[in-house]
Each structure stands twice: as structure tokens, then as C-alpha cells.
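Full structure from sequences and hints, please.
Line order of the protein sequences matches chains H and C.
Each number in the numbering used here corresponds to the 1-based position in the first sequence with 10 added.
Each number in the numbering used here corresponds to the 1-based position in the second sequence with 10 added.
Be aware that one or more of the hints could be misleading.
Claimed, not checked - With a straight-line Cα cutoff of 30 Å, these simulated DSS-like cross-link-like pairs (lysine-lysine) come out:
{"no.": "1", "chain 1": "H", "residue 1": "Lys262", "chain 2": "H", "residue 2": "Lys279"}
{"no.": "2", "chain 1": "C", "residue 1": "Lys319", "chain 2": "H", "residue 2": "Lys279"}
{"no.": "3", "chain 1": "C", "residue 1": "Lys319", "chain 2": "H", "residue 2": "Lys260"}
{"no.": "4", "chain 1": "C", "residue 1": "Lys260", "chain 2": "C", "residue 2": "Lys94"}
{"no.": "5", "chain 1": "C", "residue 1": "Lys94", "chain 2": "H", "residue 2": "Lys319"}
{"no.": "6", "chain 1": "C", "residue 1": "Lys103", "chain 2": "C", "residue 2": "Lys127"}
{"no.": "7", "chain 1": "H", "residue 1": "Lys319", "chain 2": "C", "residue 2": "Lys279"}
{"no.": "8", "chain 1": "H", "residue 1": "Lys279", "chain 2": "C", "residue 2": "Lys279"}
{"no.": "9", "chain 1": "C", "residue 1": "Lys272", "chain 2": "H", "residue 2": "Lys279"}
{"no.": "10", "chain 1": "H", "residue 1": "Lys228", "chain 2": "C", "residue 2": "Lys197"}
{"no.": "11", "chain 1": "C", "residue 1": "Lys319", "chain 2": "H", "residue 2": "Lys197"}
{"no.": "12", "chain 1": "H", "residue 1": "Lys17", "chain 2": "C", "residue 2": "Lys319"}
{"no.": "13", "chain 1": "H", "residue 1": "Lys272", "chain 2": "H", "residue 2": "Lys17"}
{"no.": "14", "chain 1": "H", "residue 1": "Lys94", "chain 2": "H", "residue 2": "Lys17"}
Don't read these hints as lab results, they were simulated from the structure.
This structure is a prediction, so every number in the text was calculated from the model and none was measured.
Number of protein chains: 2
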Amino acid sequence: MYRREIKVVDCTIRDGGLINDSKFPLETVRQVYRAICESGVDYVELGYRNSKEMFSPDDYGPWRFCDEEQLRQVVDGLDGGSTKIAVMQDAHKAVPEDVLPADESVVDMIRVATYVKDVDKAIRLARNADEKGYETTVNIMAISREGGPSLDEALRQIEEETEAKAVYVVDSYGALYSEEVHFLVEKYQMHLKTKEVGGHFHNSQQLAFANTIESIIKGANYVDGTLYGLGRGAGNCPLELLLGFLKNPKFKIVSLLEGISKAILPLQKELTWGYHIPYMVMGMLNQHPREAMAWMASDRRDDFLAFFKQVTEEYGE
Amino acid sequence: MYRREIKVVDCTIRDGGLINDSKFPLETVRQVYRAICESGVDYVELGYRNSKEMFSPDDYGPWRFCDEEQLRQVVDGLDGGSTKIAVMQDAHKAVPEDVLPADESVVDMIRVATYVKDVDKAIRLARNADEKGYETTVNIMAISREGGPSLDEALRQIEEETEAKAVYVVDSYGALYSEEVHFLVEKYQMHLKTKEVGGHFHNSQQLAFANTIESIIKGANYVDGTLYGLGRGAGNCPLELLLGFLKNPKFKIVSLLEGISKAILPLQKELTWGYHIPYMVMGMLNQHPREAMAWMASDRRDDFLAFFKQVTEEYGE
Numbered sequence: 011m012y013r014r015e016i017k018v019v020d021c022t023i024r025d026g027g028l029i030n031d032s033k034f035p036l037e038t039v040r041q042v043y044r045a046i047c048e049s050g051v052d053y054v055e056l057g058y059r060n061s062k063e064m065f066s067p068d069d070y071g072p073w074r075f076c077d078e079e080q081l082r083q084v085v086d087g088l089d090g091g092s093t094k095i096a097v098m099q100d101a102h103k104a105v106p107e108d109v110l111p112a113d114e115s116v117v118d119m120i121r122v123a124t125y126v127k128d129v130d131k132a133i134r135l136a137r138n139a140d141e142k143g144y145e146t147t148v149n150i151m152a153i154s155r156e157g158g159p160s161l162d163e164a165l166r167q168i169e170e171e172t173e174a175k176a177v178y179v180v181d182s183y184g185a186l187y188s189e190e191v192h193f194l195v196e197k198y199q200m201h202l203k204t205k206e207v208g209g210h211f212h213n214s215q216q217l218a219f220a221n222t223i224e225s226i227i228k229g230a231n232y233v234d235g236t237l238y239g240l241g242r243g244a245g246n247c248p249l250e251l252l253l254g255f256l257k258n259p260k261f262k263i264v265s266l267l268e269g270i271s272k273a274i275l276p277l278q279k280e281l282t283w284g285y286h287i288p289y290m291v292m293g294m295l296n297q298h299p300r301e302a303m304a305w306m307a308s309d310r311r312d313d314f315l316a317f318f319k320q321v322t323e324e325y326g327e
Numbered sequence: 011m012y013r014r015e016i017k018v019v020d021c022t023i024r025d026g027g028l029i030n031d032s033k034f035p036l037e038t039v040r041q042v043y044r045a046i047c048e049s050g051v052d053y054v055e056l057g058y059r060n061s062k063e064m065f066s067p068d069d070y071g072p073w074r075f076c077d078e079e080q081l082r083q084v085v086d087g088l089d090g091g092s093t094k095i096a097v098m099q100d101a102h103k104a105v106p107e108d109v110l111p112a113d114e115s116v117v118d119m120i121r122v123a124t125y126v127k128d129v130d131k132a133i134r135l136a137r138n139a140d141e142k143g144y145e146t147t148v149n150i151m152a153i154s155r156e157g158g159p160s161l162d163e164a165l166r167q168i169e170e171e172t173e174a175k176a177v178y179v180v181d182s183y184g185a186l187y188s189e190e191v192h193f194l195v196e197k198y199q200m201h202l203k204t205k206e207v208g209g210h211f212h213n214s215q216q217l218a219f220a221n222t223i224e225s226i227i228k229g230a231n232y233v234d235g236t237l238y239g240l241g242r243g244a245g246n247c248p249l250e251l252l253l254g255f256l257k258n259p260k261f262k263i264v265s266l267l268e269g270i271s272k273a274i275l276p277l278q279k280e281l282t283w284g285y286h287i288p289y290m291v292m293g294m295l296n297q298h299p300r301e302a303m304a305w306m307a308s309d310r311r312d313d314f315l316a317f318f319k320q321v322t323e324e325y326g327e
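And the structure:
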């Protein structure tokens with residue numbers, strides 16, 4: 011599926027930071043940055059630009075805040091090629107004042123993550139970044155729990171009140187099947203006359219890559235992935251698979267594979283992600299993976315029967 | 011997606027036997043059999059009924075041959091419920107004489123696996139089983155390398171010359187994307203006026219479950235899965251995910267989860283399956299996973315760069 015308009019965003023460090031409180035060593039971040047730039051992927055998201063009032067720097071690593079001097083240490087001496095740098099702001103956990111004018115920053119794009127209910131906060135952050143000269147996107151999380159009139163209203167507002175390049179379908183719970191992806195992309199397209207649709211999918215049910223493909227087939231032109239699917243719970247759409255599907259000759263998969271060998275495999279010693287039954291159960295139930303993450307960290311992690319009974323008692327089967 | 015006509019086939023022991031030469035302990039096979047019967051899944055495939063002339067019983071375990079007395083040890087004392095028993099014959103590695111009349115066997119269904127080029131051998135085995143009173147299917151392997159006129163001819167022959175209930179799209183290389191699945195299911199439907207279409211997909215590119223969904227959406231009514239995706243290379247469509255999608259109240263996912271805890275997780279100590287970069291590369295290149303399996307068994311398994319260079323030199327990128 012070669013379509014020139016498609017923009018690929020790597021969010022390995024940003025989304026992966028949700029499993030280790032954004033505590034990656036600088037060298038790991040530099041290895042990821044280098045691999046992404048060499049691969050020709052369009053954007054590399056190096057973390058969150060969230061507020062130190064909301065997250066204590068004693069508890070969270072530098073990629074939760076992405077101070078400018080920190081980002082300069084990442085790019086120092088490396089050839090960024092055509093790859094642009096993104097950071098994410100959480101609508102309810104970030105402030106406009108943490109964003110410098112774009113011409114004083116190494117950042118090119120600010121992505122604002124929001125729940126439907128927080129869309130006014132998201133619009134405030136997106137407009138702030140628009141006005142300071144950044145590219146922006148708005149990423150609507152937990153979309154598998156939305157779909158009613160407040161989503162339509164949020165989409166209309168984002169369309170009218172921001173300069174965002176794209177608005178994302180974000181399947182935080184890894185709960186969507188292909189027909190639901192089709193439905194949501196079409197709904198977004200109906201409201202977004204001046205913006206692209208984006209897709210970001212989680213792998214609880216082994217559908218992150220498949221749903222990314224389905225969003226692209228329906229016309230989504232901004233799509234996310236991470237190296238080897240690194241990410242919270244079952245993880246994300248593996249970027250290496252995505253480039254294989256896209257078949258755009260500007261992309262070099264081999265650079266990603268080298269990056270995975272060097273930067274990602276060593277993380278497996280301390281971090282766990284990928285398909286596991288507790289994550290699958292929560293995806294199937296359309297729930298946040300947090301109870302599965304707690305179960306996976308306990309000594310009962312392989313007692314799937316007990317986990318299933320606990321969560322289906324709580325949420326129904 | 012609830013559709014009463016859909017038949018689900020578990021092939022954990024049969025397909026999983028490709029990674030351990032069918033050497034599962036009897037107790038593991040009994041645990042799998044019990045879990046599948048309790049879950050309400052329609053068929054459980056307990057192995058191959060292949061020829062001892064082609065596979066030496068010194069080198070292969072009992073589930074490569076599935077002698078009747080062996081199968082009776084599996085079912086002994088367990089309640090099979092509504093679940094029927096299947097075995098597979100390879101068109102080029104099995105003989106008609108190894109199949110007893112159905113009323114002397116615990117087997118209900120014989121599935122014949124074939125390449126397009128061996129379809130005449132497959133038809134001979136399928137007719138033999140038809141005549142002896144079994145349900146049959148014909149499973150066309152390596153389908154991602156087919157699609158030309160010899161596939162059409164094979165489908166016409168199977169339609170006309172056998173009583174098979176279903177003819178399968180088998181993505182042995184894990185190479186298909188959704189649009190190709192749609193194309194193949196439609197092609198099969200065009201030729202198979204009296205038979206159902208089946209789907210069996212491998213997970214090299216994390217698309218086994220997604221492609222199973224896509225085949226169902228197009229009308230496939232026989233679909234395969236294995237517990238926790240057990241299978242050669244990256245494995246198969248995980249049966250637990252498939253039941254979650256099907257939402258048929260007759261199925262009990264919880265029985266599968268218990269079976270995975272007891273019978274499948276312990277196998278992880280000696281067997282490796284699931285998503286790994288070498289398998290993904292071979293899927294992307296539309297090649298058999300055998301070179302990836304050899305690489306994974308070597309001490310260079312994590313040197314993805316070297317593997318990629320080796321196989322793209324051989325097969326092109």
C-alpha cells in the first residue's frame with residue numbers, strides 16, 4: 011500500500027515510557043533516534059512535555075518532560091535526515107507555558123493527547139502550540155468507549171478551533187475490531203474537512219498492526235508504531251511491520267532492525283510487553299489494562315482462571 | 011460476529027507438532043483435549059495420520075501418526091461433549107490404507123493438507139475418507155504463492171470430485187494482508203458452490219487473528235486456531251482471541267484459559283513460538299519460515315541485521 015501522503019510517527023520512547031516512568035538511559039534514546047532517522051520515518055516522538063507540577067521529577071525520568079536541553083543531548087552529533095521531532099502533551103497534565111516558541115526549540119510537532127471529556131483543555135494546548143509555530147495533532151484516547159454525540163461534538167470543535175494537521179483514533183484499550191476501525195475513521199472524515207485522520211492502536215488482542223492497516227485502507231494518513239511494538243501492556247503496532255506493509259521506497263526497514271537489536275532487545279531484561287493473556291482479557295472486555303499490569307507483576311501472573319473470574323465479576327463477561 | 015454456521019477447529023497438537031516432531035506427552039494432549047471439549051469448540055485436531063513409511067516412528071512422536079489406540083488413550087474417561095475429533099493427512103506423505111472405516115475409529119473428520127501441485131493426491135485421500143464415512147476438508151497450503159490458473163483448476167476439481175465440507179485458504183508463510191484474504195475467499199467462493207471456505211493463518215506478521223476475522227467477514231465458515239497461538243515459527247491464530255470475537259454463547263473462553271495455564275505455558279520451557287524478527291522478515295518476503303527457524307536456533311539469533319542481509323540477498327527485498 012504505497013500512498014505518498016502517509017506520515018509515519020515512531021513513538022517508541024514516548025509510549026514505551028508508560029512502562030518505565032519514562033526512565034530510559036540517554037544512550038537508548040539516542041540509539042532509537044538514530045535508527046528512526048536512518049529509516050526515513052517521518053516523525054520520532056521522544057517523550058512527553060508534561061508538567062513538573064503533575065509529575066515529580068523525583069519519580070519520573072527525563073522523557074516525561076523533554077526539557078529542551080535534554081532533547082539537544084539526544085540529537086547532538088547525529089544526522090536527523092528528514093525526520094522531524096515530536097513530543098506529546100497530555101490535555102489534563104500539561105501547561106502551555108512549558109512550550110517555547112518553535113524557532114527556539116528542537117521540537118517540530120506537538121501532539122496533544124486527550125479524552126473526549128477533556129477536549130477543551132486539548133484545544134487550548136493545541137492552539138498554544140499552533141500559535142507558537144509548531145505542527146500539531148490531537149489524539150483522542152480510549153476511543154473504544156466513545157462513539158456517541160460527544161465524540162461528534164469534540165471532532166467538530168477540533169476541526170473549527172485548531173490548526174491540527176491530524177486527529178487520531180487512539181485505541182488505548184486494544185479493544186477495536188476492523189469494522190469498528192472503519193466506522194470511526196469514516197466518522198472522523200465526516201467531521202474533519204481540513205485535517206487528516208490518524209491511527210494509533212494497541213496490541214491487547216494482537217490487532218494493533220491489523221487495525222493500523224485497516225485505518226490506512228480507509229484513508230488515515232498519520233499512523234503510529236514503535237520498535238518491536240514496545241509499549242504498555244501488550245504494546246503497540248510494531249513499526250517494522252508497518253514499513254513492510256507501506257512499501258514506500260523511502261523507508262529502510264533494515265535500520266529499524268539494527269535499532270531493535272541494539273536498543274530494544276536489551277530492555278527485555280527489565281521490561282515486559284507483548285501478548286499475554288491478562289492483557290488480552292482486558293482488551294476483550296474493553297477495559298484499561300491497569301488491572302492486568304498489576305496481575306502480571308504479582309506472583310499469580312500465570313493463574314489466568316483466577317484473573318478471568320476476578321475481572322468478569324467486576325465488568326461482566 | 012455471531013454466525014451460527016461458523017465451525018471452529020482447534021489444531022494445537024497437530025500444528026504445534028511441527029515444532030517438536032509431534033512429541034507431546036500424553037498428559038498434555040489429554041489436557042488440551044479436555045480444555046477444547048469443555049470450551050464447546052467444534053473440532054479438536056489431535057495430530058497427523060501420516061505414513062510410517064515417510065516418517066520414522068524413531069524420530070517422530072505418536073501425534074504424527076495418531077494410531078487409533080493412541081487416540082483412545084487421549085479420550086479415555088473424558089467427556090467429549092459436542093466436540094468432534096479430527097486428524098490431518100498430508101497429500102504427499104500419507105496413504106489411504108492408514109484410514110479405518112469411520113465406524114471403527116474415534117476420528118470424525120479427516121483434513122487433507124496439500125500444495126496446489128499435489129491436488130490429485132489430495133483428492134485421492136479425501137475421496138478415500140469420504141467413502142469410509144468421515145467428514146473431510148481440503149487445506150491448500152502456501153496459498154500466498156498461488157493465485158494463478160492452477161489454483162482455479164484445483165478448486166474446480168475439489169468441488170467436482172470430493173465430498174469435502176470445506177476447502178481452506180492456508181497462509182503457511184504468514185504473508186497475506188487483509189485485501190489478499192478478501193480476494194482469495196471470494197475466488198474460493200466463486201468455484202465452491204457446494205462447500206464452505208475455511209481459513210488458517212500464520213502469525214509471522216502478527217496478522218493470524220486479523221486475517222481470520224477478515225476471512226469470516228467475507229463468509230468463511232471453517233476457521234482454525236491454537237491455544238495461545240502455539241505453532242511453528244510465529245505460531246497460529248490464538249483460539250482464545252477467536253472465541254472472543256465470535257461471541258457465540260456456546261463457547262466458553264474460560265476453559266481455554268485454564269487449558270493454557272495447565273498445558274501450554276509449561277511448554278514454553280522448551281519450545282519457542284510467537285512474534286520474532288526473523289519470522290517477520292520471512293513473512294514479509296513471502297517465504298517459508300525454515301531459514302528463520304534455523305537462525306533462531308543459532309547463537310546469532312539476535313543479529314537481525316545479518317539475517318536480513320542474508321535473506322534479502324537470496325530473495326530480494
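So which of the earlier hints does this model not fit?
Hint 11 contradicted; others consistent.
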